[in-house]
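Could you build all of it, start to finish, from the sequences and the hints given here?
Just so you know, the protein sequences line up as chains A and B, in that order.
Going by the numbering used here, the first residue of the first sequence is number 1, and it counts up by one from there.
Going by the numbering used here, the first residue of the second sequence is number 1, and it counts up by one from there.
Hint data in this document are derived by calculation from the structure and do not stem from the laboratory.
Since we're looking at a predicted model, the values are computed, not measured.
Each hint should be verified, as a subset may be incorrect.
What the hints assert, rightly or not - Selected chain A positions facing chain B (in silico; Cβ < 10 angstroms): (1) Ile3; (2) Pro10; (3) Gln49; (4) Gln51; (5) Thr54; (6) Leu56; (7) Glu58; (8) Pro61; (9) Ala62; (10) Thr63; (11) Ala68; (12) Ala94; (13) Gly99; (14) Trp149; (15) Phe150.
Unchecked claim - 16 angstroms max Cα-Cα, derived EDC-like pairs, lysine to aspartate or glutamate: (16) Lys93/B / Glu57/B; (17) Lys182/B / Glu193/B; (18) Lys131/B / Glu58/A; (19) Lys182/B / Glu50/A; (20) Lys178/B / Glu14/A; (21) Lys93/B / Glu136/B.
What the hints assert, rightly or not - Far from chain A by the CB rule (all over 10 angstroms, computed), these chain B residues: (22) Arg84; (23) Ala127; (24) Gln135; (25) Met164; (26) Leu185; (27) Ser187.
In this text, a Cβ means the ideal position worked out from N, Cα and C, and glycines have one as well.
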Amino acid sequence: MAINCDTAYPRLLEADPTELAGHGDTELAVHVRDCARCQAVGATLLAGQEQLATALTELRPATDVDQALSAMRSRRSTPRSWSWLGQWGPVAAAAVVSGIMILQSVTGSRMIESEIVLAPPTIEPFVEVSTDQKVMVFETQDESAKVLWFY
Amino acid sequence: MSEPTRIDEGVPALVRGAQTGDEAAFERLVRRYYDRIHRWALARTGDADDADDVVQEALVRLHRHLPGFDGRSQFTTWLYQVTRSAAGDLHRKRSRRQRLADKAVRLAGPVAEDPREVETTDERQAAGLVKTFLQELSERQREIFDLCDLQGFGAVEVSAMLGMEPVTVRSHLFRARKTIRKRILESHPQLVEDYGH
Numbered sequence: 001m002a003i004n005c006d007t008a009y010p011r012l013l014e015a016d017p018t019e020l021a022g023h024g025d026t027e028l029a030v031h032v033r034d035c036a037r038c039q040a041v042g043a044t045l046l047a048g049q050e051q052l053a054t055a056l057t058e059l060r061p062a063t064d065v066d067q068a069l070s071a072m073r074s075r076r077s078t079p080r081s082w083s084w085l086g087q088w089g090p091v092a093a094a095a096v097v098s099g100i101m102i103l104q105s106v107t108g109s110r111m112i113e114s115e116i117v118l119a120p121p122t123i124e125p126f127v128e129v130s131t132d133q134k135v136m137v138f139e140t141q142d143e144s145a146k147v148l149w150f151y
Numbered sequence: 001m002s003e004p005t006r007i008d009e010g011v012p013a014l015v016r017g018a019q020t021g022d023e024a025a026f027e028r029l030v031r032r033y034y035d036r037i038h039r040w041a042l043a044r045t046g047d048a049d050d051a052d053d054v055v056q057e058a059l060v061r062l063h064r065h066l067p068g069f070d071g072r073s074q075f076t077t078w079l080y081q082v083t084r085s086a087a088g089d090l091h092r093k094r095s096r097r098q099r100l101a102d103k104a105v106r107l108a109g110p111v112a113e114d115p116r117e118v119e120t121t122d123e124r125q126a127a128g129l130v131k132t133f134l135q136e137l138s139e140r141q142r143e144i145f146d147l148c149d150l151q152g153f154g155a156v157e158v159s160a161m162l163g164m165e166p167v168t169v170r171s172h173l174f175r176a177r178k179t180i181r182k183r184i185l186e187s188h189p190q191l192v193e194d195y196g197h
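Right, dumping it as structure tokens:
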């Protein structure tokens, strides 16, 4: 079924460029071929898009390709700040630990202990019970605590 | 409209050479795609200054990641994704909103006050279209419209480039076309005055 200009107009705003030129068998393309006014709109839209394409092509990069290549090469050869950390960080950490160990073996552990806070040792509970006393031990949700019932 | 297939001729050989460390091949590859990378970057960022920075970053990434390009997709598709990723990272680093606002202020200024800068109607219309393209289309609409309608990539190829469903690509494309084409027709009111809209 043929379409009229009022139906064609909103479609012209979204149509593929080929349809704007009246190519193909779609309702719109057929209408554009047959209607001088819509043909003119289609041609104007195509010309406008061509004009935009040309204008965008003329927006050249500020740096030419030789400058860009040169800048790229210099960026490749210049390590980023902090990039040394990723490369040498583990080596540095290992050196520090080795240094501490060597120092400890030379001077004894006293000096090191004064500087390094050690975790408190685990203290086992010590309970003395007479032989005639019975004891029941209850576990609690806190693994470090037990309830002792002497009876 | 440019033809995307022509630029790809002979590219596989250049890619293979560049992948094996042939600097001359890499350089030829860059020269061939430099303008296109810039165009993609411009469409993606909507800002000429940002586009230049994106191009620079994209070239570094191209050099770094090219050995890993396995040829499963077209080189152009892959390169577009490299450029897009560079643009995305730049976008996150910068306060783009501020930059665009500054740009809008500059563009909105009286262009023709200096007699040496008087433009023809065509130039003024082209400038208006570029401004609409850069400022009124969303980032996604801009890149899809540019790839499909201005650079001539097919919708399926653009879907692959952007990792989007073709139906989504078309939806963005239609919206972009509508915005741009209304702007085009504003300069030709006599053409549309009799339509019943």
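Outcome of the hint check:
no.	hint	verdict
1	Ile3	13 angstroms, violated
2	Pro10	7 angstroms, holds
3	Gln49	6 angstroms, holds
4	Gln51	5 angstroms, holds
5	Thr54	7 angstroms, holds
6	Leu56	7 angstroms, holds
7	Glu58	9 angstroms, holds
8	Pro61	4 angstroms, holds
9	Ala62	5 angstroms, holds
10	Thr63	6 angstroms, holds
11	Ala68	6 angstroms, holds
12	Ala94	28 angstroms, violated
13	Gly99	36 angstroms, violated
14	Trp149	63 angstroms, violated
15	Phe150	66 angstroms, violated
16	Lys93/B / Glu57/B	13 angstroms, holds
17	Lys182/B / Glu193/B	13 angstroms, holds
18	Lys131/B / Glu58/A	14 angstroms, holds
19	Lys182/B / Glu50/A	15 angstroms, holds
20	Lys178/B / Glu14/A	6 angstroms, holds
21	Lys93/B / Glu136/B	23 angstroms, violated
22	Arg84	17 angstroms, holds
23	Ala127	7 angstroms, violated
24	Gln135	13 angstroms, holds
25	Met164	18 angstroms, holds
26	Leu185	7 angstroms, violated
27	Ser187	8 angstroms, violated
When the structure is compared with the earlier hints, violations turn up for hints 1, 12, 13, 14, 15, 21, 23, 26 and 27 and for no others.
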